[in-house]
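*Asks:* Each chain is listed here by its residues.
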Amino acid sequence: MSILEVSNLKKIYTTRFGANQVQALSNISFSVEEGEYVAIMGESGSGKTTLLNILAALDQPTDGEVILNGKKLQSVREKEIAAFRRKHLGFVFQDFNLLDNFNLRDNIYLPLVLSDTKHAEMEARLEPLAKKLGISQLLDKFPYEVSGGQKQRVAVARALITRPELILADEPTGALDSKATDSLLNLFGQINQEGQTILMVTHSTKAASHAGRVLFIKDGEVFHQLYRGNMTNEQLYARIADTLTVLQAGGEQHE
Amino acid sequence: MNKLYGRLARTNLKNNKPLYIPYILAGVMTVALFYLMVFLNNNPGLDQMRGSYYIETIMGMGVYIIAFFSLIFLFYTNSFIIKRRKREIGVYNILGMEKRHIAKVLFIETVYVAVLAIAGGLLVGIGSSKLILMILYRLLDVEGNVVFVVTKAGITYAVPYFCILYLLTFCYNLLQIRLSNPIALLHGSNVGEKEPKTKIVMTVLGLICIGYAYYISFTTENPLKVLSLFLVAVILVIVGTYFLFTAGSIALLKLLRRDKHFYYNKKHFSAVSGLLYRMKQNAAGLASICVLATMVLVMVSVTVSLYAGVDDELQTRYPQDLCIYLNYDTPGMSKDSIAQEIRQEVEKQGRTITKSSIYEKVTAFTTDDGTAFSAVTQKEYNGSQTVLYLVTREDLLQMDDSLQAEAVQPVKPGSVRIYGGPTAYKADTISLWGNAFSVESSEVYQNDDDLHKTSMLKGCYYVMFDSEETIKSVYGACGEGPIDVEGVIGFDYDGSKEEKIACYQAVDSLLDRIRASFGEEHRIDLYAESRAWNETEVYALYGGLFFLGAFLGIMFLIVTVMIIFYKQISEGYEDKERYVIMEKVGMSSEEVKASITSQIRIVFFLPLIVAAIHELAAFPIIRRLLAMLNLTNVRLYAICMVVTFLLFSAIYYIVFRMTSQAYYRIIDGRAR
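Chains as they are written, first to last, in this note's numbering: chain H, 1 to 255; chain L, 1001 to 1672.
Honestly, the hints are just simulated from the structure, not real lab data.
Given the structure is predicted, the values throughout are model-derived calculations rather than measurements.
Don't take each hint at face value.
Restricting the straight-line Cα-Cα distance to at most 27 Å, the calculated cross-link-like pairs of lysine-lysine (DSS-like) are [as the list claims (entries may be wrong)]:
| id | chain 1 | residue 1 | chain 2 | residue 2 |
| --- | --- | --- | --- | --- |
| 1 | L | Lys1584 | H | Lys218 |
| 2 | L | Lys1576 | H | Lys87 |
| 3 | H | Lys79 | L | Lys1130 |
| 4 | L | Lys1266 | H | Lys118 |
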């Protein structure tokens, strides 16, 4: 059963006074099955961020629709949108987006507090999660006291604690060194194994090579997609690299 | 090249308009107030007035206070602005400007600001000086032609002083830039602060300071101590407020955070942690606002009530138009014959006497155990002393014409009647210096003058005897010392103020002649007091105080408003990022707005509430201070206090509304 269905998505930005129109997404359709781990790749300006913003219900498409778990995203009312996002989606960002005024524990609790969860329930959810992510010892520290990799694990914990149907990750390894990147990608693989659906937008071939499927976006359209099949991470890495070369060379030829 | 720097400086000021306009305006106001103070201190018209000494002293004090506060205040605002601008300066640095080039631009900027503020301030000051002088004349009840003059001293003091101040702010900014590298400058405006530590000792100290200050206010009765302890209490309150806001607030917030059910609640979660996170830098600002607000409230309400009650105070201090006091050290001097001479003189001056009184007052300062009274060696107002007036029935009736003759029954030899307060005399007998009398009756009785005295003493009683001889035998037993025997001759008469003064002067020279007639070898204690003559000075004193109170009130208010404004703005920028994150994580914009509002409310109204509590706690001691200044009308002070508080709150609220709008604008300008 597909958990996310995106059909004929189109987004046109109009500059002020309508003088200029920029087409960010021209026609995007794809679907994500439950338990899948999908990476979306594309260059800067290919429309990745716009797509992610629409999927996150932070932005409205000009045309087309997004269906999350059977519910049309565009039909959710403005007032309920924040609660909807909290309940169904988890976010992991490039720059972690942790709040300096909360310790790590409270950062993780934040979405639960916003949805009025009981304190006992919050504790019960956090304990196994923190153990799994290896951050149990850090919970009383503040974001400025821990490393980037640790921050990103906390951000993952914050995304997972609401038990969302879909995790949206925006360049999660963008600000990490290679060791922290490896360990985060392994973590993503592990939680995906446990059944968590993940949609990751990334530049990094390495990050994408951990996914089950890779979508390539160019000029606002899905250009190509790769399935892992029986490939190892290394084999998938090579295929992605090849595809990117074609993608880039092809792009140059058009001009 | 130099032109370029000038243009850059102008562009910078223009781009930072929202920060610089309030800064310059506040500078204008400060310079104007400073000029006006110096102007009043050196005004030739005021010089000719009687009591101008008071005005000059008061305004001279005002000059220093304003000079001091403008120093603190300009530095405070400037540091806010430079902190906000560090990023911009870092960009210049990275783009290739050397620090000395940046210094040059900053210098030109400072010159612009200083010129605008000083020139503007002098213009406003000079422009409004005539109006201010007219208001002052009105307050002091002075008839006089107000001529427009420019005080040279005002300009020659203000220009160099404020130039130095602005130069110092420039040096401070230079130091800030010198000390940092470009990367630090780039991040300068948003350095994460570490979570503050709980300081239990400081919290407790703060509580003790404030508690002790309140204790002083409630318990101090000795008037000599009131004055000195009042200053102690003020300092304690200031210190305690700073401690409580810096340490106490953090302790409280941490306590709230420890309560899981309270803390992990949508309504409190981000407010508590947000406050806690920023308390370290916030607390000093909040405490300053609180202290300034308290100062404004107390100062304005005290000076307003003193001025509003000036007629009462005159009446208390000078119960009759003309009072002549004489001591009985000189043989052959009789109050009746002197009264006769004065009466003739007053009538010769063309005044019609409407009321006259003549009595003898034997005043004794005593300590007592409830029934036995003995003289104290020192004559001073003291909370453990009781003052006794030994009088006859005739004396008492003369002293206070509001007493009905039937209400004061004669008394038998060997007994006394006691009138006084604050509570009626309770026992059946009284022992005076070892002489026992039985008490026939006792009643609560206080006239205005006693009200003023009982505020400083344990009690104040009129002991009424059957005859002057009995009184003499009573105080004769005591011998020399703390007993005053004084004859008082009082007259009320018609006439204008000038006529009354002329009459007083005639009587005064008559008293000179009487003194001379007794010869050199006798020390004659004989003097006259005129209400009309002293009225000018009393008006000068209280009017001057009122004026100073209003001036400093305005000054403090400006400072308070500025602190609030810059605090809001700089917090807006800091909070912006936090709220962007919160929205990404799943907070709706309504929730964001609600959380902002609750946080701002706490930050805003906390200082006002604490200031109100301080003011209320100061009520008892200020009541006593006012009593020493002859203001016994407690209701008047209470009314002034409430009105001042309401007015201040209204202004405060308007500022709150305006600055929170600026704050929302910053937050709302956030990018998605």
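*Asks:* All the hints need checking, so say for each whether the structure fits it.
*Replies:* Now for the hints, and whether the structure bears them out:
A threshold of 27 Å between alpha carbons decides the hint, and for Lys1584/L with Lys218/H the separation of about 26 Å falls inside it, so the pair holds. Restraint check for Lys1576/L and Lys87/H: the C-alpha separation of about 24 Å stays at or below 27 Å, so the hint holds. Between Lys79/H and Lys1130/L the CA atoms are separated by roughly 60 Å; this puts the pair beyond 27 Å, and the hint is violated. Restraint check for Lys1266/L and Lys118/H: the C-alpha separation of about 11 Å stays at or below 27 Å, so the hint holds.
Consistency with the previously given hints fails for number 3 only.
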